[in-house]
Amino acid sequence: MMKYYLHENKWEDVEAYLKEKKTILLPVGSVEQHGKHLPLGTDSLLAQDIAMDVAEKTGVLIASPLWYGWAPHHMAYPGTVTLRPETLTQVVEDVLNSLIYHGFEKILIINGHREANLPPLRIALTRVRNNTGAFVGIADPFYINAVAGRELSEVEPGGIGHAEELETSVMYDRHAELCSPEAAVKNIPSDHNRFLQHDPNVLTDKILTASDVAHYKEATHGVGVMGDATPADKDKGREYQKRMVDNISEFVEYLEGLEVEIRKREIPL
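Under this note's numbering, the final residue of the sequence shown carries the number 1232; numbering is consecutive throughout.
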């Protein structure tokens, strides 16, 4: 019986899988601060949890996870590790091209570092799509689970951002042993211009800006939370995760029936 993770299988197993399926998931996360109540590996752990739940439901393989992402502003807190954006882009390109070379035609990235990883990831996907013809996509919680996020959240506007209610709730459900609920805090900026609203659940006109280490540490009051983590609970996390897995699984089933014309397969050199 095949294992779900690519690296736990033999090469003959992968060869046999490719005769039946052409789809694979790639979890990408980050190792960065998540306040005083969640571990540094939150984004990577959640990406892997999602991928495993989807794999168990659909039978698709999971490529070996990428633990590191693009997180320069989180360098304000010890333990954070960030890649340069071009490094992340190039690593993802090489991983995707390697998978495509062997016969995978449809690759879905599970992005645990919500939204922040998207710029370097989308550059990689655009290059790979244009060069190979393969289907490459990204499932990001802020987008693939937007409806559930709005329906389940109980925080006031501005309460969803980083290490807040939603991802904290899932961590309480899936990795309670790594969490410290007593340290969860609320940090909703009160002095933001209306165009600088960061909460994806707030439907308003927005300006995108860059952050730096000094400003981010000041804005998160030396704790690291942006939003409100205090209403988090494991039941909410379980429902949020279930709906996300259902959405991604539905899309994976669609991918399985999608015809893809590969124009080129090449070894990264």
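The hints are simulated quantities; they were obtained by calculation from the structure and are not laboratory data. Don't take each hint at face value.
Unchecked claim - With a straight-line Cα cutoff of 30 Å, these simulated DSSO-like cross-link-like pairs (lysine-lysine) come out: (1) K1169 to K999; (2) K973 to K999; (3) K1020 to K1205; (4) K1197 to K1149.
So, against the hints stated earlier in the document, which numbers end up violated here? 2
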